[in-house]
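Keeping their order, the protein sequence lines are chains A and B. Number 1027 marks the last residue of the first sequence (this note's numbering); no jumps. Number 258 marks the last residue of the second sequence (this note's numbering); no jumps.
By construction, these hints were calculated from the structure, which means they are not laboratory data. All clues stand as given, with none of them false.
Stretch-level coverage of chain A by chain B, calculated; a stretch enters the list once three of its residues show a Cβ under 8 Å from a Cβ in chain B:
(1) 916-928
(2) 940-953
(3) 967-981
Backbone N, C-alpha and C define an ideal beta-carbon position, used for all residues, glycine too.
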Amino acid sequence: MKISEKPGSVTANKSAREFIVTWDDGHVSKYPFGLLRAACPCASCRGGHENMKPEPDEAVFSRQLGDSPSTRLANVVAVGSYALTIVWEDGHDYGIYNWHYLRTLCPCAECRGGR
Amino acid sequence: MDLRPYLNRWVILGALGIAGFLLLVTLILIGWTSPRFAPDVGFAPADLTMIPAPTHTPNILPTSTLDPVSAAATPEVDVIAAGGYVQINGTEGDGLRIRSSPGLNADTVFRGEEAEVFIVREGPQTADGYAWWYVVAPYDETRAGWAASEFLAVIPPP
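Given only the sequences and the hints, what does the whole structure look like? Please build it.
So this is what it looks like as structure tokens:
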């Protein structure tokens, strides 16, 4: 089955510190807030524009970020129909997570096993 | 050429009628060919659900009489110790230099991110006015080195 990069619904569960995207193909991606922050795609977090890529670095999957204002989600804002911006409690909001980036960031065993 | 015989009332009304008809046809064509305001957004803000974190209700504990024996036996939970977990804290987003050996002149192995979690392996060693701990990332043994305790906060094991 073709992998969908179109979301059906998005849930930011601050209580469970988990960001959940249900894709149109039925797949459910659950992102811990720490992973989302570690994978922030903005130029500042990636270490310069030259390091910005359409897919996340493999290193972000081995990085564990704990609870702090930088990993507490404050708000989610839709960017057109192609992406989301996540606003963190430390004020950081530069990262634009497009659907392709989020789909390839899915940390589930099925998605990670295919890499 | 004398056009006056043609400029009568019927000619002028006819010309105005034709002009009005052409204007009407033009407006209809513009209306048909312009994009409709019904975009296929794929995702709308209505599809986004925010589940808030539970609000914290302060739990006022009853005061107790201090038992010096049991108080002495209570482990200190906020103290860094080998085997415990810490996270980088207080760098205001800059991250923390993790060094190859204790001391400010040691090489930086990598820069740990604010809030990044580590397991403490050994220490402390004192150098340049800081206590240094050897820390290792839980999922990446290559991400290891010495960190100044000033920017480490003790956290419970995940």
